[in-house]
Amino acid sequence: MSAGDQELARDLGFLEAYTIGLGTMIGAGIFVLPSIAANQAGPASMVSFFFGGMVSLLAALSLSELATGMPKAGGSYYYVNRALGPFFGSIVGWGMWAGLTFASAFYMIGFGQYFLSGLGSYVPFLAESELGITVAALVMAAMLTGVNYYGVKETGSLQNVIVLSLVALILAFLALGALSGPTIGEFNPSGWPAVAATIGTVYVSFIGFEVIATSAEEIKNPSRNLPLAMIAAVVTPTLMYVGVMWVSTGTLSIGALDASNIPVADVAAEFLRGFASAIPFVSVSPGALGAAGSIAMIVGAVLATISSANASILSAARVNFAMGRDKILVEWLNEVHDRFRTPYRSITATGVITLVLIAVGAGIGTLAEVASFMYLVTYALVHVAVVVLRRAEPADYDPTFQIPSVLYPFVPILGALACLAVLFQMVVTFEPMVLLGEGVVGVEIALPFTLSVVGIIGIGIIVAGIAWYYTYARDRAPSQSLVGDAIAPEPAAAADSEGRYRVVVPVANPETERDLLRMAAASAHAHEDDNAELIAVNVIEVPQQTSLSQDVAFEEERVERQQELLSAARDIAAELDIGLRTRAIVGRDTGSVILDVIEEEDADHVFLGWKGSRSTREHVLGSTIDPVVGRASCDATLVKLGPEETPGEGDIMVLAGEGPHAPVAARRAAEFVTTAGEDATLTLLNVQQPSEDGDEDQSPRERGEALIDDLAERAGIEYMQYDRQVVIAEDIEEAILEAAIDYDTICVGATRSGPVTQAVFGSVPEAVGEEVDRTVVMARGPEESTMSIREAIARRLSV
Amino acid sequence: MIVPVASKDDARATTRALASHVDSVAGTVVAVHVIEKAGGAPDKASVEQRERDTEEMFDIVRAQLEEYDVDLETEILYGTDVAETIVEAAHEMDASSIVFTPRGGSRWIRLLAGDVALSLISESDLPVVVLPDEPEVEDG
Chain G
1 MSAGDQELAR DLGFLEAYTI GLGTMIGAGI FVLPSIAANQ AGPASMVSFF
51 FGGMVSLLAA LSLSELATGM PKAGGSYYYV NRALGPFFGS IVGWGMWAGL
101 TFASAFYMIG FGQYFLSGLG SYVPFLAESE LGITVAALVM AAMLTGVNYY
151 GVKETGSLQN VIVLSLVALI LAFLALGALS GPTIGEFNPS GWPAVAATIG
201 TVYVSFIGFE VIATSAEEIK NPSRNLPLAM IAAVVTPTLM YVGVMWVSTG
251 TLSIGALDAS NIPVADVAAE FLRGFASAIP FVSVSPGALG AAGSIAMIVG
301 AVLATISSAN ASILSAARVN FAMGRDKILV EWLNEVHDRF RTPYRSITAT
351 GVITLVLIAV GAGIGTLAEV ASFMYLVTYA LVHVAVVVLR RAEPADYDPT
401 FQIPSVLYPF VPILGALACL AVLFQMVVTF EPMVLLGEGV VGVEIALPFT
451 LSVVGIIGIG IIVAGIAWYY TYARDRAPSQ SLVGDAIAPE PAAAADSEGR
501 YRVVVPVANP ETERDLLRMA AASAHAHEDD NAELIAVNVI EVPQQTSLSQ
551 DVAFEEERVE RQQELLSAAR DIAAELDIGL RTRAIVGRDT GSVILDVIEE
601 EDADHVFLGW KGSRSTREHV LGSTIDPVVG RASCDATLVK LGPEETPGEG
651 DIMVLAGEGP HAPVAARRAA EFVTTAGEDA TLTLLNVQQP SEDGDEDQSP
701 RERGEALIDD LAERAGIEYM QYDRQVVIAE DIEEAILEAA IDYDTICVGA
751 TRSGPVTQAV FGSVPEAVGE EVDRTVVMAR GPEESTMSIR EAIARRLSV
Chain P
1 MIVPVASKDD ARATTRALAS HVDSVAGTVV AVHVIEKAGG APDKASVEQR
51 ERDTEEMFDI VRAQLEEYDV DLETEILYGT DVAETIVEAA HEMDASSIVF
101 TPRGGSRWIR LLAGDVALSL ISESDLPVVV LPDEPEVEDG
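Protein sequence lines, in the order shown, are assigned to chains G and P.
Numbering-wise (the numbering used here), the first sequence opens with residue 1 and increments by one.
Numbering-wise (the numbering used here), the second sequence opens with residue 1 and increments by one.
Bear in mind the hints are in silico, worked out from the structure with no lab data behind them.
The structure presented is a predicted model; accordingly, all values stated were derived computationally and were not measured.
Ideal placement from N, C-alpha and C gives every residue a C-beta, glycine not left out.
The reader is advised that the hints may include incorrect statements.
The following label-pair restraints were derived from C-beta to C-beta distances [unchecked claim]:
| hint | chain 1 | residue 1 | chain 2 | residue 2 | range |
| --- | --- | --- | --- | --- | --- |
| 1 | P | 55 | G | 179 | 55 to 65 Å |
| 2 | G | 331 | P | 123 | 32 to 42 Å |
| 3 | P | 118 | G | 658 | 58 to 68 Å |
| 4 | G | 732 | P | 64 | 54 to 64 Å |
| 5 | P | 108 | G | 129 | 29 to 39 Å |
All chains, please: the whole structure from these sequences, using the hints.
What follows is the structure, encoded as structure tokens:
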């Protein structure tokens with residue numbers, strides 16, 4: 001599929017990506033956790049929320065780099081699996097799935113708490129009963145599973161409206177709460193260890209931004225929007241959480257908060273009472289105003305928990321799909337429903353697990369902490385993955401957003417350590433487990449820690465992931481860990497600095513292969529003597545109807561020929577003393593394969609051979625050359641080899657016309673001359689028509705010479721020795737053809753720059769190529785395509 | 001002519017119907033499938049996941065039409081409104097008609113999944129040919 005089609009599938013702009021992240025972040029966390037957090041650490045839990053935000057911000061930076069490098073469905077799982085292989089892939093895949101189901105269960109119980117409290121004012125027997133909450137959570141979870149199973153269409157505008165009104169609601173809560181003058185009592189009643197422990201509890205409110213990464217394949221212009229949306233979706237809620245904690249702990253006592261199932265609504269009711277007398281003209285009873293505020297917060301909480309759970313269920317299906325794609329999970333689970341076009345089995349599985357978790361009654365705090373645990377493990381590995389991918393530099397990994405270089409090793413290292421630190425204190429309680437008393441052996445022998453329940457569940461899930469790897473995934477999933485490459489990068493990759501000049505040379509004909517590579521090498525050498533590199537490509541074309549692997553099996557002969565061609569290319573490169581890599585590819589369409597190679601290798605130049613003959617069926621440039629020359633995002637050169645022994649040497653002539661690519665042709669010619677040294681001469685030729693009435697200041701000859709000098713300057717070759725030749729003739733084309741006989745090699749710039757594939761080089765170059773029995777080089781500069789816009793943005797973002 | 005297919009089953013049914021009217025097929029058959037986008041919210045399924053499924057549909061169409069002398073092209077479309085996207089694409093590729101077989105389904109299912117057939121018929125300003133769904137012939 002071409003890049004153009006892919007762009008159509010991307011319909012999430014910055015605002016949408018941001019609200020998706022925000023909508024998931026502002027979920028049960030902000031509405032439910034104030035009571036748990038206040039109980040654990042008092043007002044100092046603001047600090048816990050702040051540090052949770054920092055840990056997430058570090059993760060968002062690393063995740064942005066990975067996601068812009070590989071904007072595919074699956075998020076963190078996909079990057080970790082790609083970088084660290086299926087062992088860690090299994091851990092993270094199962095971990096994320098488990099994390100998302102625990103989080104969904106947590107959101108749903110939060111929903112139940114708020115929903116029933118709201119309803120409870122009218123239906124007293126429902127209010128605040130544990131059973132009622134569980135039932136409400138179960139019903140809502142089942143409904144959400146159904147909605148996603150049937151794929152009921154959710155529109156982007158609805159999503160935006162919900163999220164923006166939630167933000168408005170919380171901002172109003174903060175503003176009015178601040179105005180009411182909250183008074184913080186003892187800031188840190190439980191001590192700093194409790195504050196640290198609370199980070200683990202509240203971290204569940206920060207896992208939402210991951211949804212942006214799991215939907216990376218749908219985001220428009222991901223190099224800009226993805227990092228921005230992710231960072232914004234972490235920073236905004238962090239500030240809100242800290243603010244909400246400040247208002248909450250300043251308004252209600254810790255005891256009252258702890259006892260509340262709907263802390264934020266109670267806080268709103270409390271501080272709004274004070275405003276009743278401030279409302280002019282109408283008299284409002286403090287109770288009524290408080291109740292109104294409370295109801296507003298309850299509605300907000302209900303919407304927020306539903307949208308978070310919904311996004312989590314969708315995300316879980318993406319993770320399942322990505323795992324199936326990597327053969328870590330049974331493909332069966334990822335079947336798309338015939339009618340509803342949804343991954344219905346995966347959705348059902350996620351829904352059922354969520355229902356079980358709700359029904360088991362593990363307690364809202366435990367659900368939250370297990371979800372936090374799984375995501376902290378995931379992000380610790382994400383940070384490792386960034387380092388591994390940066391060092392291993394696989395060909396297809398080219399992130400457009402990079403962690404700024406001043407922060408680079410610092411962000412992933414600190415991020416991973418921070419995740420581990422939070423994990424450690426969640427799992428381990430600093431209460432020594434006394435094994436043997438002092439009286440027995442004279443010294444007390446004790447285990448310095450005990451494992452928490454959350455730790456046991458979390459480690460259990462990791463162990464299950466590892467067990468799954470050994471029993472299922474190991475034999476199926478291709479091992480593709482890049483850790484090895486990262487620890488000892490291949491020398492080729494190490495020299496792979498940005499300045500390296502790469503020339504892609506498609507080879508197909510053993511007779512012309514040598515000359516083509518020699519000329520490409522000459523061009524490359526002139527750029528950078530040591531680092532330039534040729535990439536010889538041969539494509540075995542397979543018709544659409546056959547599967548790629550099937551056809552290759554039957555066509556051993558073609559494969560053998562390909563191998564011969566490429567091994568000859570290696571020998572030639574060794575002779576020429578130039579770096580060369582070979583790529584043997586089986587593909588549907590040679591042209592598009594070569595274009596892919598150019599993009600993957602970030603090539604500077606593509607160098608193609610051409611027979612020079614016009615066949616009636618295909619247009620002049622043939623079916624392969626056409627798209628490559630027409631669309632390559634780098635310099636493109638087409639060579640028709642002449643009869644002499646060593647093309648690219650001897651007397652070289654450049655057609656110094658006014659075409660946009662004439663300077664490129666001149667540069668190519670100069671490169672050949674430079675490499676050939678004394679065996680070559682360079683001439684710039686210009687043809688002028690005799691002036692009709694001679695009224696101009698310049699004679700045609702002067703005009704021609706001026707044009708030639710101007711061209712040399714534009715090509716940056718004015719320092720070189722070159723001859724100027726101006727021919728004056730009526731028929732330009734004929735004059736060129738006549739003059740061309742005197743030279744060994746003729747370089748022509750493309751006359752048309754648009755991506756008109758039929759006649760890229762225009763009529764004069766075409767005629768020269770066809771009729772002159774010499775080596776003819778046609779050159780064109782990089783085609784302006786969308787790539788350059790992307791690159792420009794990328795450059796800006798990576799500082 | 002442009003031939004939208006909605007699923008693997010639908011690809012089978014549509015191609016079967018098309019094959020029995022193959023004599024009246026003139027020009028190129030372009031099989032298309034629309035990947036429905038939410039247009040601002042996360043999609044109901046991964047795009048890549050559905051692209052893979054679509055390729056399987058096209059494989060079915062290709063295999064079933066292989067024995068007939070029909071020029072076949074395939075294309076994946078993306079859009080928020082399936083019927084509208086098909087009609088637009090039909091105009092873009094200068095199709096002479098839109099040909100499909102209805103998928104049936106109960107009222108309830110149509111309510112949930114949307115009735116694309118109806119929208120196609122009512123929204124298209126190009127000729128729409130609805131082929132009857134032919135019963136599958138058992139090959140023994």
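These are the hints, each one checked on the structure:
no., hint, verdict
1, 55(P) to 179(G): 55 to 65 Å, "holds, 59 Å"
2, 331(G) to 123(P): 32 to 42 Å, "holds, 36 Å"
3, 118(P) to 658(G): 58 to 68 Å, "holds, 59 Å"
4, 732(G) to 64(P): 54 to 64 Å, "holds, 56 Å"
5, 108(P) to 129(G): 29 to 39 Å, "holds, 34 Å"
When the structure is compared with the earlier hints, no violation turns up for any of them.
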